Amino acid sequence: MSEQQRAGQPLYYRFLNRLSVRNKIVAVCLIASFFAMTLASSLFVYYQYSAFQGWLIQNLTSQAEIIARNSSAALAFDDPEGAEVILESLQAVDSITGAVLFRQDGTVLTKWQRDESGEMPELVPDWQGDRNVAGEIFISLPVVEKQMVFGSIVLRSNQQELVVFLGNSLVTMVVMLFLAVLVTLLLSTKLLGIILEPVAHLARVMKQVSGRQEYSLRALRYSNDEIGDLTDFFNDMLTQVENRDRQIREREELLQAIINNTNSVIFLKDLSGGYLMVNRRFKEVLLLKQQEVVGYMDGDLFPADIAGSLKAMDQQVMDSGLLVDAEEVLPHHDGPHTYISAKFLLFDSGGKPYALCGISTDITKRKQIEEVMMQTEKMMSVGGLAAGMAHEINNPLGIMIQAVQNIKRRVSSDLPANQNVADELGVALSGVQDYLEKRMVLSMLDDIYGAGMRAARIVANMLQFSRRSESASQYALVTDLIDQTVELAANDYDLKKKYDFRHISIIREYDPAVQEVKLVVTEFEQVILNLLKNAAQAFADKEMAEGEVPTITLRVLPDGDYTRIEVVDNGPGISPEVRKRVFEPFFTTKPVGSGTGLGLSVSYMIITNNHSGTMEVESVPGDGAVFIIRLPNSDGV
Amino acid sequence: MNITSYSILRLLVKPLLCLVLLVVFMPVSGSCESLHDDKIKAGFTYRFILFSQWPDKAFTANPSKFIIGIVGKSPFNGFFDQVLGSSVDGRELVIRNIADNPSADDLRECQVVFIHDSYVSAIKPVLQELAGAPVLTISDAPDFLEEGGMIAFLYRRNRIRFMIHKQRANLVGLRFRAQMLKMATKVVEGK
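Residue numbers (our numbering), protein chains in the order written: chain A, 1 to 637; chain B, 1001 to 1191.
Don't read these hints as lab results, they were simulated from the structure.
Small disclaimer: the values here were computed from a predicted structure and weren't measured.
Where is the CB? At the ideal position from N, CA and C, for every residue including glycine.
Heads up, a few of these hints could be off.
Below, in silico cross-link-like pairs of lysine to aspartate or glutamate (DMTMM-like), each with a Cα-Cα straight-line distance of 25 Å or less [as the list claims (entries may be wrong)]:
1. B:1166 <-> A:541
2. B:1182 <-> A:81
3. A:146 <-> B:1038
4. B:1182 <-> A:541
5. B:1182 <-> A:145
6. B:1186 <-> A:541
7. B:1186 <-> A:145
8. B:1166 <-> A:78
9. A:590 <-> A:516
10. B:1124 <-> B:1081
What follows is a set of in silico ranges between Cβ atoms, one per label pair, in the way DEER data are often shown [stated by the list, open to error]:
11. B:1057 <-> A:58: 49 to 57 Å
12. B:1036 <-> A:58: 38 to 46 Å
13. B:1157 <-> A:46: 51 to 59 Å
14. B:1055 <-> A:46: 40 to 48 Å
15. B:1036 <-> A:91: 43 to 51 Å
16. B:1055 <-> A:170: 57 to 65 Å
17. B:1157 <-> A:91: 22 to 30 Å
18. A:91 <-> B:1128: 20 to 28 Å
19. A:177 <-> B:1182: 52 to 60 Å
20. B:1055 <-> A:91: 16 to 24 Å
21. A:58 <-> B:1037: 41 to 49 Å
22. B:1157 <-> A:105: 31 to 39 Å
23. A:91 <-> B:1040: 27 to 35 Å
24. B:1084 <-> A:58: 32 to 40 Å
Chain A residues, not near chain B, derived (Cβ > 10 Å throughout) [to be verified]:
25. 54
26. 74
27. 95
28. 146
29. 148
30. 173
31. 222
32. 442
33. 586
All chains should be modelled from the sequences, with the hints used to inform the complete structure.
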């Protein structure tokens, strides 16, 4: 009920409303019985009063008649003394305070009055019957004897008896009222239990139900009345609520099971960004020091930059009202993971948004696979092209190199055939040689030869992209092979190439559980050597901090069905742009001419193509790089 | 009090007038007095009838009439006129003047016989005639009861009262109401 409505009600209504039902009913019974009793007893007293007044007048009239009868002779024979004696007999009647006997001519024969009462008023007895004058009753009767009127008698009476009667009646009435109210109170208090016990029971059960959510409780039906019906309706409602509750719970459990068992992170935020709900996956993958998420904001759970980008996306969803699909990077215990997030608003029945729902799926692995696939695809196509070209270039190159070798041999004075031809032509062979030497022809030939050989080497490498190794594979411990390669590399230092293994610290972290794997020893050694050389060369590009030592960590450990080999350096690292292209053939960061750009691409082809392994690189620029090779333990070659 | 002081004033201012008035009206007042007494006696006589009861045999001679016989000259000049012809217990009231020497039948027909004290000499013969008859005898003669009458008027403190010889009346079957007896100055009762 509203305050306004309440203000319009009378005060007693508001007072009654504040009472309990029991007190209300008792109050209503009391009020009703009080008014009923008051009305009934008032009517009764009024009736009694009227009857008593009638009786009083009748009594007085009888008295007057007796006096009239007795005083007729006194009047007849005009005897005041005799009349006085008669009137004095009224002394015995308390209510009569005075009497006058009038002669027929209206003169007073005699009068009598009680001592304490006042002077008898001068009354002319020109009337008969009763009169009420100023609270006193007067009765006038003619004195008749044998139809002869001798005069009249007037009696005066106070209403003392009436007043006393009325007082007694009122006292009785008040006592009766009090007793009635008392009896009503006692009886209604006792009897109300019959009505109120079922109501109280119902209220107790309702309280239990609403307080403890125990919808399995049922109220007992006590009586066959409206309260009984109410109890039945309530029980029916409970059954319905219980069923609906169970359905909702089951549906919710189903939904919760789906939400919690999905691989995706699902969350619900209110419009201000506080979490309303998160699934199990959310806590598992994203978190996190704390287990409790609900009520917290992104800023409480994530670093400021990530929280900021999440908030920006949320804002985009809230501004547009549409589903937004985007990639997000979130921190993970093993580094940042990429998520594809779908975020959308949830609307209430009135069409107003009340929450933001997000479903984020971890696509880190898929992205990695995609990356590898792309890399492989690229390598395959480029490798195939390169191999084809190499094959085509190989023949002319062979002819060139052979021709250079032939030229050099045919100008040599050591061969008798050359001398013979020179003699026939009368040319001094030594003179030709001198000429060729002076005109730098010989060194040019050397250059041609050198360039030819270099091209031949490149072609040979390129041919490895497509050609399966002819060398036989064998079981070997990769740790042994790595050790040999390190030894080889340590002896192969080149000041010109700026790397020097003598200043590089080599750390070996070999897991004793590592198995032998099947591989082509020379090819594997080539890969490791290439990685070591790259790492050593990279140190040249980094200014080492004070006390920091160029370090290459070699780690070998089992990784499921694979053996994992990590080559870790603390060099300058690789930028993300470079990292993407690092396995591309002919991609090099070294000055033109100092690298072929084939080292890593050949290594990649050896590992992935020839050994069915994987090869990847991770790097945080400035903190070095990690090359990870995984070789299958089983016979994958 | 006002009336008293006014009377005193009046007495003081007009004593002469008062005296004149007294002188002038004295004889008139006297005759008025006796006239008044007669009227009262007539009234009383009528009232005695009302408070008395006659035996049935009193009406055998003349059942429809109630006769008051007045012996001698009636003192009640016209005083009974207003009640004349009215009914007494269903009987017509009649006043009958009876001569100085009334016959016994005349007397015995009456229910009441009044003998004025101016006819004292008639008392004895009348009472003798009426001996044993249910006739109420009334007189204003002073020794009427001693002479054998039933009700006698007398003066007491200047007011007319009466005496009753109840025994004598009862003997002839007359009954008096107790109230009337109470009013009597003297009631002679029998043993």
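Checked hints:
1. B:1166 <-> A:541: violated (180 Å)
2. B:1182 <-> A:81: Status holds; Cα separation ~11 Å.
3. A:146 <-> B:1038: Holds - the C-alpha atoms of residue 1038 of chain B and residue 146 of chain A are around 23 Å apart, at most 25 Å.
4. B:1182 <-> A:541: violated (170 Å)
5. B:1182 <-> A:145: With a Cα-Cα distance of about 16 Å, the restraint between residue 1182 of chain B and residue 145 of chain A holds, given a limit of 25 Å.
6. B:1186 <-> A:541: Violated: residue 1186 of chain B and residue 541 of chain A sit about 178 Å apart, past 25 Å.
7. B:1186 <-> A:145: holds (22 Å)
8. B:1166 <-> A:78: holds (21 Å)
9. A:590 <-> A:516: violated (35 Å)
10. B:1124 <-> B:1081: violated (29 Å)
11. B:1057 <-> A:58: 49 to 57 Å: This hint is violated: roughly 42 Å between Cβ atoms.
12. B:1036 <-> A:58: 38 to 46 Å: holds (41 Å)
13. B:1157 <-> A:46: 51 to 59 Å: Holds, at about 54 Å.
14. B:1055 <-> A:46: 40 to 48 Å: At roughly 56 Å between Cβ atoms, residue 46 of chain A and residue 1055 of chain B fall outside 40 to 48 Å, so the hint is violated.
15. B:1036 <-> A:91: 43 to 51 Å: At roughly 35 Å between Cβ atoms, residue 91 of chain A and residue 1036 of chain B fall outside 43 to 51 Å, so the hint is violated.
16. B:1055 <-> A:170: 57 to 65 Å: With a Cβ separation near 60 Å, residue 1055 of chain B and residue 170 of chain A satisfy 57 to 65 Å, so the hint holds.
17. B:1157 <-> A:91: 22 to 30 Å: For residue 91 of chain A against residue 1157 of chain B, whose Cβ atoms are near 26 Å apart, the range 22 to 30 Å holds.
18. A:91 <-> B:1128: 20 to 28 Å: violated (49 Å)
19. A:177 <-> B:1182: 52 to 60 Å: holds (54 Å)
20. B:1055 <-> A:91: 16 to 24 Å: Hint violated: Cβ distance 39 Å, outside 16 to 24 Å.
21. A:58 <-> B:1037: 41 to 49 Å: holds (42 Å)
22. B:1157 <-> A:105: 31 to 39 Å: Given a distance of about 21 Å, which is not inside 31 to 39 Å, the answer is violated.
23. A:91 <-> B:1040: 27 to 35 Å: Holds: the Cβ-Cβ distance is about 31 Å, inside 27 to 35 Å.
24. B:1084 <-> A:58: 32 to 40 Å: holds (39 Å)
25. 54: holds (30 Å)
26. 74: Non-interface label on residue 74 of chain A violated, nearest chain B Cβ at 6 Å vs cutoff 10 Å.
27. 95: Consistent with the label, residue 95 of chain A stays out of reach of chain B, its closest Cβ about 25 Å off (over 10 Å).
28. 146: Incorrect as stated: the minimum Cβ-Cβ distance to chain B is 4 Å, not above 10 Å.
29. 148: At roughly 6 Å from the nearest Cβ of chain B, residue 148 of chain A sits no farther out than 10 Å, so the non-interface label is violated.
30. 173: Consistent with the label, residue 173 of chain A stays out of reach of chain B, its closest Cβ about 46 Å off (over 10 Å).
31. 222: holds (82 Å)
32. 442: holds (193 Å)
33. 586: Nearest chain B Cβ is 163 Å from residue 586 of chain A, so the label holds.
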